[in-house]
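Produce the complete structure using the sequences and hints provided.
From first to last, the protein sequence lines are chains A and B. Everything in the first sequence is counted per the numbering used here, starting at 1 for the first residue and increasing by one. Everything in the second sequence is counted per the numbering used here, starting at 1 for the first residue and increasing by one.
Treat the hints as calculated values from the structure; they're not laboratory data. Every residue, glycine too, gets a C-beta built ideally from N, C-alpha and C.
Example chain B residues on the side facing chain A (calculated, C-beta under 7 Å, incomplete):
id	residue
1	Q42
2	G43
3	L44
4	F102
5	A104
Single-letter residue listing:
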Amino acid sequence: GAVVSQHPSRVICKSGTSVKIECRSLDFQATTMFWYRQFPKQSLMLMATSNEGSKATYEQGVEKDKFLINHASLTLSTLTVTSAHPEDSSFYICSARRPNSYNEQFFGPGTRLTVL
Amino acid sequence: AQSVTQPDIHITVSEGASLELRCNYSYGATPYLFWYVQSPGQGLQLLLKYFSGDTLVQGIKGFEAEFKRSQSSFNLRKPSVHWSDAAEYFCAVGAVDYKLSFGAGTTVTVRA
Numbered sequence: 001g002a003v004v005s006q007h008p009s010r011v012i013c014k015s016g017t018s019v020k021i022e023c024r025s026l027d028f029q030a031t032t033m034f035w036y037r038q039f040p041k042q043s044l045m046l047m048a049t050s051n052e053g054s055k056a057t058y059e060q061g062v063e064k065d066k067f068l069i070n071h072a073s074l075t076l077s078t079l080t081v082t083s084a085h086p087e088d089s090s091f092y093i094c095s096a097r098r099p100n101s102y103n104e105q106f107f108g109p110g111t112r113l114t115v116l
Numbered sequence: 001a002q003s004v005t006q007p008d009i010h011i012t013v014s015e016g017a018s019l020e021l022r023c024n025y026s027y028g029a030t031p032y033l034f035w036y037v038q039s040p041g042q043g044l045q046l047l048l049k050y051f052s053g054d055t056l057v058q059g060i061k062g063f064e065a066e067f068k069r070s071q072s073s074f075n076l077r078k079p080s081v082h083w084s085d086a087a088e089y090f091c092a093v094g095a096v097d098y099k100l101s102f103g104a105g106t107t108v109t110v111r112a
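Here's what the structure looks like:
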């Protein structure tokens with residue numbers, strides 16, 4: 001149990017376009033989802049916390065107008081990178097917290113974004 | 001705020017040899033501690049976790065970790081490494097707001 005999927009796994013887009021990444025908890029309802037960014041050979045950096053039915057909470061230094069997060073249901077959160085630029089190229093990983101599971105998060109397989 | 005330090009950036013170990021990855025954390029209260037493994041281009045897989053109770057925790061793939069409060073450490077061990085254990089390993093600490101803070105990671109290379 002506790003499977004989290006992400007779609008797409010890879011995306012290449014032109015500079016200036018917007019890209020949407022989906023994160024789904026397949027077998028449980030996730031009240032909280034998290035979005036991370038990972039640069040090559042580096043650790044995961046938390047971008048934002050997404051709570052179902054409310055606005056996302058962004059970490060310091062993350063532009064909320066650039067990285068739009070929507071958590072419309074208990075099983076789906078989306079991250080939209082607006083007006084993408086080459087510096088937004090990265091590996092984006094989501095995770096979902098299952099209720100009553102302490103701090104344990106279940107991670108998706110990640111999405112590789114390349115902006116040309 | 002909580003933080004995690006993984007002192008070893010890269011470790012090379014021979015197949016069949018033992019492995020120990022170090023993790024030190026900083027957190028004011030009782031920590032929730034995790035070890036994750038990441039293969040290239042993949043997401044994170046949970047190896048084991050510590051919330052409370054027995055300080056020696058058993059995980060998947062033959063891994064174990066020991067929580068030592070006095071040393072603020074949560075080191076990961078495996079008695080005999082397999083070539084498939086080559087990956088990136090992350091230690092993480094969780095806080096009351098459910099956020100995780102990750103260490104910088106340790107890359108494990110397994111030589112034949």
